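Engineer: Fit chain B to the given chain A structure using the hints.
There are 2 protein chains.
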Amino acid sequence: MDNYIDRLGKLKIFKNFSKAELMKIFGNVRYSIKKFSKGSLIHTSGEKVENLMILIEGEVITEMVDFNGKILEVERIKSPEILASALLFSKDNLLPVDVLAVKDVAILYIEKGDLIRLFQGNKALLLSFLEDIGEKFQFVTAKLRVNSFHTIREKITMYLLNLYNQQNKPSELTITLTLEELANLFGVTRPSLSRVFSEMQKEGLFVKNGDKIILKKLKN
Amino acid sequence: MDNYIDRLGKLKIFKNFSKAELMKIFGNVRYSIKKFSKGSLIHTSGEKVENLMILIEGEVITEMVDFNGKILEVERIKSPEILASALLFSKDNLLPVDVLAVKDVAILYIEKGDLIRLFQGNKALLLSFLEDIGEKFQFVTAKLRVNSFHTIREKITMYLLNLYNQQNKPSELTITLTLEELANLFGVTRPSLSRVFSEMQKEGLFVKNGDKIILKKLKN
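Same order as they appear, the protein sequences are chains A and B. Every letter in the first sequence is one number past the one before it in our numbering, and letter 202, counting from 1, is 202. Convert by adding 220 to the 1-based position in the second sequence; the result is the number in our numbering.
Watch out, some of these pointers could steer you wrong.
Claimed, not checked - Below, in silico cross-link-like pairs of lysine-lysine (DSS-like), each with a Cα-Cα straight-line distance of 25 Å or less: (1) B:Lys239 / A:Lys48; (2) B:Lys239 / A:Lys91; (3) A:Lys15 / B:Lys311; (4) B:Lys343 / A:Lys24; (5) A:Lys12 / B:Lys356; (6) B:Lys432 / A:Lys70; (7) B:Lys389 / A:Lys48; (8) A:Lys112 / B:Lys343; (9) B:Lys356 / A:Lys91; (10) A:Lys48 / B:Lys290; (11) B:Lys332 / A:Lys112; (12) B:Lys290 / A:Lys219; (13) B:Lys232 / A:Lys136.
Said to hold, decoys possible - Take a look, some chain B residues computed to stay more than 12 Å from chain A by CB distance: (14) Tyr224; (15) Ile225; (16) Met243; (17) Asn248; (18) Ile253; (19) Arg296; (20) Glu423.
By construction, these hints were calculated from the structure, which means they are not laboratory data. All values reported here derive from a predicted model rather than from experimental measurement. Every residue gets a Cβ at the ideal spot worked out from N, C-alpha and C, and that includes glycine.
So here's chain A without its partners, still in its complex pose (with noise of 0.2 Å):
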């Protein structure tokens, strides 16, 4: 396990333990870790997910089976993650995809139960794990919205309204998403949306200084 707790630690939910806390937490919980060579199939659509999955080690994709045959790459998905974390605790919690391993992979299972039994003992690791289902959520209910937008100008608009509405009605905004993360959001690429964010402060709507927006004329 000890060389696994340091990949642990860079997940999102453990940033705030230390190590000796993280072999404490997998000290008193059952867990198993499974390795998948490269190329192997690690589950299949249709399974129940009945287990919190860390993949620890490696990368995986998720594809789905079209009505032709065809197969589809759904996403792709590189080490520390947790998989399939929406599922797990749903009524609905069958695998709508295959997960194969494209690198050589190890997986860290939890079951359902014993994970319960965890947060019932470690006040903040639950704290943690609904701030992290918490946070995934709001970025795709962040996307949702966004992408009933077309262009990356309008994206970009709505984003800073939201901001805006937000940080009570400042003249100058904060964007907390790193460029990276708002170009995921947006669906887009990096060097677009850069683009973009250059057209729109030439023609004086707004100007950007680092993570700063320093509003301007802009309008919707």
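Structural biologist: Just chain B now, kept in the frame of chain A:
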């Protein structure tokens, strides 16, 4: 409190609890109930969300102000419903909207710390809460996936493809949502959705029989 217990019992997170169990839960936790008359401003954008907020009576709308000072209605929420549950445990917990009463409203508040203590003493309630967040998260994720397709026909096909993979690729699928929920998922009206289902049936792509879809020659 007694008169609110029946309404609270209608919430998804309390659906597995008897009236006696709910009375016990609310006998063991600090909460407050505030009333707001029709038309009043309940919460302002920029406020921190530090309480579980349960709308137990009435109806609210959420609004944003755009850069032109114009008011945009974001959402309309009917009781009973949990408000802003994704924000409660997030680090970024600033409310992005104003919340206004469009009918006389009663809201029950439980402070975050008290809620966590409640969860630690009541495993069933913790599970129920996690299930509720998990399902809302899953719904938004599904909505995001489906919304990347423009026509209702494409949305239906994508939704069925998801079920096809979840349900072990059978020739007969079971739809797990009501027509109302499906229409909400797709962001379309119920009549439009029914019409497209009929068209696709007439073209012999599938046979729809209640919640069963018998696949014929559906391709994507």
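Engineer: Each hint should be assessed against the structure and marked as holding or not.
Structural biologist: Verification of the hints:
Simply put, Lys239 (chain B) and Lys48 (chain A) have alpha-carbon atoms about 32 Å apart, too far for the 25 Å limit, and the pair is violated. A distance of roughly 23 Å separates the Cα atoms of Lys239 (chain B) and Lys91 (chain A); the hinted pair therefore holds under the 25 Å criterion. Between Lys15 (chain A) and Lys311 (chain B) the alpha-carbon distance is near 13 Å, which keeps this suggested pair within the 25 Å criterion. For a cut-off of 25 Å, the pair hint linking Lys343 (chain B) to Lys24 (chain A) stands: about 22 Å separates their Cα positions.
Restraint check for Lys12 (chain A) and Lys356 (chain B): the C-alpha separation of about 21 Å stays at or below 25 Å, so the hint holds. Distance hint between Lys432 (chain B) and Lys70 (chain A) is fulfilled; the C-alpha atoms sit about 24 Å from each other, no more than 25 Å. The straight-line distance between the Cα atoms of Lys389 (chain B) and Lys48 (chain A) is roughly 15 Å, inside the 25 Å bound, and the hint therefore holds. Distance check on the hinted pair: Lys112 (chain A) and Lys343 (chain B) sit about 12 Å apart at the alpha-carbon level, within 25 Å; holds.
A distance of roughly 11 Å separates the Cα atoms of Lys356 (chain B) and Lys91 (chain A); the hinted pair therefore holds under the 25 Å criterion. At most 25 Å may separate the alpha-carbon atoms for a hinted pair to count; Lys48 (chain A) and Lys290 (chain B) exceed this at roughly 47 Å. Between Lys332 (chain B) and Lys112 (chain A), the direct Cα distance comes to roughly 23 Å. Compliance with the 25 Å bound is thereby established for this hinted pair. For the hint pairing Lys290 (chain B) with Lys219 (chain A), the CA-to-CA distance comes to about 11 Å; that is within 25 Å, so the pair holds.
Of the pairs offered as hints, the one joining Lys232 (chain B) and Lys136 (chain A) holds, with about 21 Å between alpha carbons and a cut-off of 25 Å not exceeded. With a minimum CB-CB distance of about 25 Å to chain A, Tyr224 (chain B) clears the 12 Å threshold, and the non-interface call stands. Residue placement check: Ile225 (chain B) keeps its beta carbon more than 12 Å from all beta carbons of chain A (closest about 24 Å). Every beta carbon of chain A lies more than 12 Å from that of Met243 (chain B), the smallest distance being close to 23 Å; the non-interface claim holds.
Once the 12 Å rule is applied to beta carbons, Asn248 (chain B) is consistent with being away from chain A; the minimum gap is 16 Å. No Cβ of chain A approaches the Cβ of Ile253 (chain B) within 12 Å, the least distance being about 24 Å, so the stated non-interface status holds. Distance to chain A confirms Arg296 (chain B) as a non-interface residue, since its nearest Cβ pair spans about 16 Å, more than 12 Å. Separation of Glu423 (chain B) from chain A is adequate, the least Cβ-Cβ distance of about 14 Å exceeding the 12 Å criterion.
This entry does not satisfy hints 1 and 10, going by the numbered hints stated previously.
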